[in-house]
Amino acid sequence: MRFRAKVVSIDCIHHFTNVVNTISKLLKKCTLRLTLDKMYFILPDQVSNGGVSMWCELKQANFFDEYQMDGASKEHNEIYLEIVAENICRALKSAQNAKSLKIKLTKKQTPCLTFEVELPSIASNSRLVTHDIPVSVIPRRLWGEYEEQEMPDFHVSICMPPMKTLKNIAERLKNLSTYLTIAANQDGDMTMKVETELVSATTRFQHLEVPPVTSTDEETQSKDWPQNEFASARVDIRKFLQFLAGQQINPYKVICNIVHETALHFFLIHDDISLQYFIPTVAV
Amino acid sequence: MVLMTQSEEENFALSASIDNARNVSHILKAVHFKDTATVFATENGLKVTVEDSKCIQANAFIQEQVFQEYVIREDSITFRINLDILQECLSIFGSSSPSTTAMRMMYNGYGTPLVLTLEEDGAVTDCSIKTQEPDQTLDFEFSAANVINKVIMKAECLKEAFNELDVTSEVLQITMSPDAPYFRLATYGLLGQSHNDIPKDSSMVEYFECGQTQSNRYRLNLLKPSVKAVNLANKVCIRMDHRGFLSLQYMIKNENAQVCFVEYYCCPDEEFEDDNEPAM
Chain S
1 MRFRAKVVSI DCIHHFTNVV NTISKLLKKC TLRLTLDKMY FILPDQVSNG GVSMWCELKQ
61 ANFFDEYQMD GASKEHNEIY LEIVAENICR ALKSAQNAKS LKIKLTKKQT PCLTFEVELP
121 SIASNSRLVT HDIPVSVIPR RLWGEYEEQE MPDFHVSICM PPMKTLKNIA ERLKNLSTYL
181 TIAANQDGDM TMKVETELVS ATTRFQHLEV PPVTSTDEET QSKDWPQNEF ASARVDIRKF
241 LQFLAGQQIN PYKVICNIVH ETALHFFLIH DDISLQYFIP TVAV
Chain C
285 MVLMTQSEEE NFALSASIDN ARNVSHILKA VHFKDTATVF ATENGLKVTV EDSKCIQANA
345 FIQEQVFQEY VIREDSITFR INLDILQECL SIFGSSSPST TAMRMMYNGY GTPLVLTLEE
405 DGAVTDCSIK TQEPDQTLDF EFSAANVINK VIMKAECLKE AFNELDVTSE VLQITMSPDA
465 PYFRLATYGL LGQSHNDIPK DSSMVEYFEC GQTQSNRYRL NLLKPSVKAV NLANKVCIRM
525 DHRGFLSLQY MIKNENAQVC FVEYYCCPDE EFEDDNEPAM
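Heads up: the protein sequence lines correspond to chains S and C, in order.
Take the first sequence: its letter number 200 is residue 200 in my numbering, and every next letter is one higher.
Take the second sequence: its letter number 35 is residue 319 in my numbering, and every next letter is one higher.
Example chain C residues on the side facing chain S (calculated, C-beta under 7 Å, incomplete):
#1 N366
#2 I369
#3 E372
#4 I376
#5 F377
#6 G378
#7 A407
#8 V408
#9 T409
#10 D410
#11 C411
#12 S412
#13 I413
#14 K414
SDA-like, lysine to any residue: derived pairs with alpha carbons at most 20 Å apart:
#15 K174(S) / M163(S)
#16 K167(S) / S379(C)
#17 K193(S) / T401(C)
#18 K338(C) / R527(C)
#19 K25(S) / T165(S)
#20 K102(S) / C112(S)
#21 K174(S) / S379(C)
#22 K164(S) / G406(C)
#23 K167(S) / S383(C)
#24 K414(C) / E195(S)
I should point out that these hints are in silico values taken from the structure, not numbers from a laboratory.
In this text, a Cβ means the ideal position worked out from N, Cα and C, and glycines have one as well.
Modelling step: build the complete structure from the supplied sequences, incorporating the hints.
Written out as structure tokens, the structure is:
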């Protein structure tokens, strides 16, 4: 297995850093999947995560100037690594003013992702900073656990209000209750509600954009759902805040798909990357 | 911005609205040292009282002129409420945003919840906060006629003095006198004795009227909460009455440059012969 990639554009380095910083705020450990065209950050749905799962993919060509890999085998030309995102963030911190950044899969005492950062210096030679980040290689037989979840058959899909507004509100609501109910309808109305013995607080947004339904032949639950009826999901507010807190990607849009009383699915769209985040509901 | 129609308002015992919710939450910060407060509403406005250990009481006054609309249909309304929750609701859109949150509060009488509606940038939050049976609040019987010593000074001066106090001391001894040292804060902690004097001719002192030397001790951890008020205030008026009871009145300006008052009362810690005792 071999992997080496190089970035020389400082904008691409910053952009990649923002993506990894966002991922590291969402979760501690995740799986990095490398294919010829794309790089994926995956957190599969596991009990240990409290049911939260994440899928982020980016087109490597939009970030890297050079990118070569040889996967597990010819038919399965992919590499799966288990990484701690925060370690990569630390390595990328050194690269914020770099002339170039190289990433390689290496074998030191354990398999590592080695980050070589070329920094400008006063002398004519560049300074080289190297970070070796231990990773574990995920064997081929386990790859099945990391498949992309199907887009859920949601009842309502809506574009969220600005993340900053939601974050301010959710931070206050977190001090009132552990659980938050998010609801929306196909008319563009959305609510965030907490309810305890002492207080009930509901925030309403209106005139939100409703993403157009992409027509497929299958019957979807959203087609049967009445236009002005709210679909809702009650989730642990800290998981929702975790999703909001790390956002550094400045997405073009954030779509929230609600599967009534089952799950929330967030979908961030940006030119180069897409990120999906599932939060399951908690029992009432 | 219309939050409610006139006809819906008619039934409420208390209905008030304000364009900037921070003009309420800012003043309440100055008395927020316990999680419960008693709210008194009259035609003059709101008084919010917080007490501790039957020795200290803080009152925040928000006069009706601070509100854009203020309608009360009873002579007086009293209820107890969780102040932590009230402050979270008032700041629901974030307390430091440059834009302002408009707020309407409604109370329908005994046993009903306090209902708040807050709006900012098109998003609206409705909160319903349970109210509780009001407890008897203390009457410190502090009257201006019994004041022996009175000093008005700039708040930043007292703020500095409070921040420098030795926190290992259990008591704070306050001496006010027509003679030197005029105004003294003294502590007796693990590091030893220390005192901070503010002379009557200091540029920080705006008014000084002391009839007799008085020196009283107060429990320092009871006075600690008043630091919240001194941090927000422009001026403070310190008064001591014939029993040695302390009144600290803080003048706080809100974002519309209106002045609101917060008053702390504290009783002395022990019997102390203050009339003849020389200042220490």
